[in-house]
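Engineer: Listed below, chain by chain, are the residues.
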Amino acid sequence: DAGVIQSPRHEVTEMGQEVTLRCKPISGHNSLFWYRQTMMRGLELLIYFNNNVPIDDSGMPEDRFSAKMPNASFSTLKIQPSEPRDSAVYFCASSPSGGGDTQYFGPGTRLTVL
Amino acid sequence: DAKTTQPTSMDCAEGRAANLPCNHSTISGNEYVYWYRQIHSQGPQYIIHGLKNNETNEMASLIITEDRKSSTLILPHATLRDTAVYYCIVRVRNFGNEKLTFGTGTRLTIIP
Chain A
58 DAGVIQSPRH
68 EVTEMGQEVT
78 LRCKPISGHN
88 SLFWYRQTMM
98 RGLELLIYFN
108 NNVPIDDSGM
118 PEDRFSAKMP
128 NASFSTLKIQ
138 PSEPRDSAVY
148 FCASSPSGGG
158 DTQYFGPGTR
168 LTVL
Chain Y
14 DAKTTQPTSM
24 DCAEGRAANL
34 PCNHSTISGN
44 EYVYWYRQIH
54 SQGPQYIIHG
64 LKNNETNEMA
74 SLIITEDRKS
84 STLILPHATL
94 RDTAVYYCIV
104 RVRNFGNEKL
114 TFGTGTRLTI
124 IP
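Sequence lines, in order, name chains A and Y.
Residue numbers for the first sequence follow our numbering, beginning at 58 and rising by one.
Residue numbers for the second sequence follow our numbering, beginning at 14 and rising by one.
Keep in mind that the hints are not guaranteed to be accurate.
To be verified - In silico EDC-like links for lysine to aspartate or glutamate, alpha-carbon gap of 20 Å or less: (1) Y:K112 x A:D114; (2) Y:K82 x A:E75; (3) Y:K16 x A:E101; (4) Y:K112 x A:E101; (5) Y:K65 x A:D158; (6) A:K135 x A:E101; (7) Y:K112 x A:D158; (8) Y:K112 x A:E75; (9) A:K135 x A:E75.
Keep in mind the hints are simulated off the structure, nothing from the lab.
All chains should be modelled from the sequences, with the hints used to inform the complete structure.
Structural biologist: Following this line, the structure appears as structure tokens:
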């Protein structure tokens, strides 16, 4: 099993640019999560999907952030326009069926906004 | 979800058992104790979880006190690869409550 796949692994962009982060969950998993990690705020959940439907997006910081899951094997997190304070490591995780199942994390995308 | 308290950092000699404590005095009857760890520059990794009974798997053992107000994660023979931040999380297991709330965790350093 390849595990959760995220791309790109590193992204450097300039303020105001659009950024798209991608995630492929583990095959057969029905829940997908996007987390963000910074030194100041630690690890925090942004949004999660169950069966491709967004269930809780209360952690999405503002309208500049959006997430989609068009099918069971792909999700995107988009930031438009990006700001320096968005610099962080973004993790995607998936779990088999939700309901408190173990979450399996990807390697993360390190985003730097200049 | 109940709040947890963990020491900020701990050291352990390689080959010895590492015992990581977690206090969760406000835990409710249907809340589980989960442990995850994060090795530097990697995503968090699930270790173990339990409700009231002690649990053991290939990675670790989880000891939960009888009143469930605290627990201890035990790595029986710590290696250098166990150096990581360890997170204790308490949560209800049900659909719609998928959120893992990570605190600051315990930074465990294994000393050669």
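Engineer: Hints first: check each against the structure and report whether it holds.
Structural biologist: Comparing the hints with the structure gives:
no.	hint	verdict
1	Y:K112 x A:D114	11 Å, holds
2	Y:K82 x A:E75	46 Å, violated
3	Y:K16 x A:E101	15 Å, holds
4	Y:K112 x A:E101	9 Å, holds
5	Y:K65 x A:D158	17 Å, holds
6	A:K135 x A:E101	17 Å, holds
7	Y:K112 x A:D158	11 Å, holds
8	Y:K112 x A:E75	27 Å, violated
9	A:K135 x A:E75	7 Å, holds
Hint violations for this structure: numbers 2 and 8, all remaining hints satisfied.
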